[in-house]
Each structure stands twice: as C-alpha cells, then as structure tokens.
Amino acid sequence: MLLLRKIQSFFGVGIISERESFNRVVYSVQSYHDITNVIIPHFKKYPLITQKKADFILFNEAINLLNLKAHSNIEGISKILSFKASMNSGLSDALKIQFPTVLPVHRPLVSFEAGFTDGEGCFYVNTKKAKTLSGIQVIMTFSITQHVRDELLLTKFIDYFGCGKIEKVSTRPNEVKYIDFCKIAKIMEDKSHLNPEGLKKIKSLKSGMNKGRM
80 MLLLRKIQSF FGVGIISERE SFNRVVYSVQ SYHDITNVII PHFKKYPLIT QKKADFILFN
140 EAINLLNLKA HSNIEGISKI LSFKASMNSG LSDALKIQFP TVLPVHRPLV SFEAGFTDGE
200 GCFYVNTKKA KTLSGIQVIM TFSITQHVRD ELLLTKFIDY FGCGKIEKVS TRPNEVKYID
260 FCKIAKIMED KSHLNPEGLK KIKSLKSGMN KGRM
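Count the sequence shown with our numbering and you get residues 80 to 293, in order.
Incorrect hints may appear among the rest.
What the hints assert, rightly or not - With beta-carbon atoms standing in for the labels, derived distance ranges:
no.	residue 1	residue 2	range
1	Y239	N152	32 to 42 Å
2	N205	L127	25 to 35 Å
3	L231	L174	19 to 29 Å
4	P183	S283	44 to 54 Å
5	Y239	E97	42 to 52 Å
Said to hold, decoys possible - Below 25 Å or equal to it, Euclidean Cα-Cα: the simulated SDA-like pairs (lysine to any residue) are:
no.	residue 1	residue 2
6	K124	F135
7	K85	K132
8	K282	I258
9	K123	S107
The set of hints was computed from the structure by calculation and includes no laboratory data. Positions of the beta carbon are idealized from the N, C-alpha and C atoms, including for glycine.
Use the sequences and the hints to build the structure in full.
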C-alpha cells in the first residue's frame, strides 16, 4: 500500500482500491485525460522493455482512438478491440462472441538488442573433457533468458542474428564479464586453445567468470 501511495503521489493522478476477493491492492488510472497527459508521456520518456513495451504501444494507439471519439460508433469500437485482442490475454470469450469479426492487430516487434542483452543477456564459458590432443573442449555460449511468454521475442533474435536455438530451462546461468568472454573468444579464434599455454589462460579467465565449472 505504501509503495502504491508513493506511485500515486509521483504521478499526481489515479486512485488506490482494495480488491478483497483477490487479496490485493491496486493503483489505477482510468481518466483518458490523465492517461494521455501524464501516464503515456512518462512511459514514452522512460520506455518499457519486452512484451510490456509492445502492450504499451498498442495501448497508446487505442487511447488515441478514444480521444478521437472513435468509440462512438461500431467501427471505432471494433478497431479499439482489435488492439485489445493483441494485448495481454486478449479478448474475453464474451467479447469474441459479441464481435466475431474483430481480428488482432499485428503486435509491434520491439528492437532493443543491445540494451536488452545488457539487462537480460549472459556470456559464459565452460570446459569439458574431449578426445582431442589437449584433452579439453572449450564451450562458449551467449544466451538471453526470458519468461516463456516472451518466447516469440527470442525467435526474433534467431532471425536477427541468423543463428542460435531456444531451450526451456528451469534456471538461469551465472552472469559473466563480457570483456573476459571476448578475450577467450580471441584465444580460440587464434587457435591458441590447442596448446597448453592457451588452455591455461582460458582456465584462468573462466575461473574468474564462472567460478570454475571444470
């Protein structure tokens, strides 16, 4: 409750209500004027990420239609519902029955590879025994971990980079220092990992990055 009051104080609009049946407290803004002039400008200045940003873009489009009084006719309502159909959980069964011709609009693809990787990406190195001259195989991995809801977003990374695969895992790998990852990549590019000195250097860097997983 205290946190929500601080958010309400920050924006200067909206109300806080208790929903006893769900055992929760909700801060909400329902005034078109306040949403248009306070909430939307804030999130344009401080953009959201992942699917929340896509939802915000669609929400903004729907608000623009409401401000244009588009909801005063059936065509406008259908257009607004097409945005709703692509947001969050989509249309309710009742709305689908009432508006059977409404189709979801295309969800925008949010492109923020570098910034997204900075917050959600991970570079890590592993080694395992191998039937090679050195006896060691160095495995380097770049990964991005996200909730299963954003699986479609991860497929876009495959399209963008032209490589990689998607795996469902229960835990997220430890984060590592990008600069050390690049050093190891350089060692492997130069084929130095094929000699004892190069492997020793990789192990040293790996130890600092991943605390050793040999």
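Consistency of the hints with the structure:
1. Our hint of 32 to 42 Å for Y239 and N152 holds, since their Cβ atoms are close to 40 Å apart.
2. For the pair N205 and L127, the supplied restraint of 25 to 35 Å holds, since their beta-carbon distance comes to about 33 Å.
3. As the Cβ distance of L231 to L174 is approximately 23 Å, the hint placing it in 19 to 29 Å holds.
4. A beta carbon spacing of about 52 Å between P183 and S283 agrees with the range 44 to 54 Å that was offered as a hint.
5. At about 44 Å, the beta-carbon gap between Y239 and E97 stays in the expected band of 42 to 52 Å.
6. This hinted pair checks out: K124 and F135 have alpha carbons roughly 13 Å apart, not beyond 25 Å.
7. The hinted pair formed by K85 and K132 meets the criterion: a straight-line CA distance of about 23 Å does not exceed 25 Å.
8. For the suggested pair K282 and I258, the alpha carbons sit about 15 Å apart, so the restraint of at most 25 Å is met.
9. At roughly 18 Å between alpha-carbon atoms, K123 and S107 fall within 25 Å of each other, so this suggested pair holds.
The structure agrees with every numbered hint stated previously.
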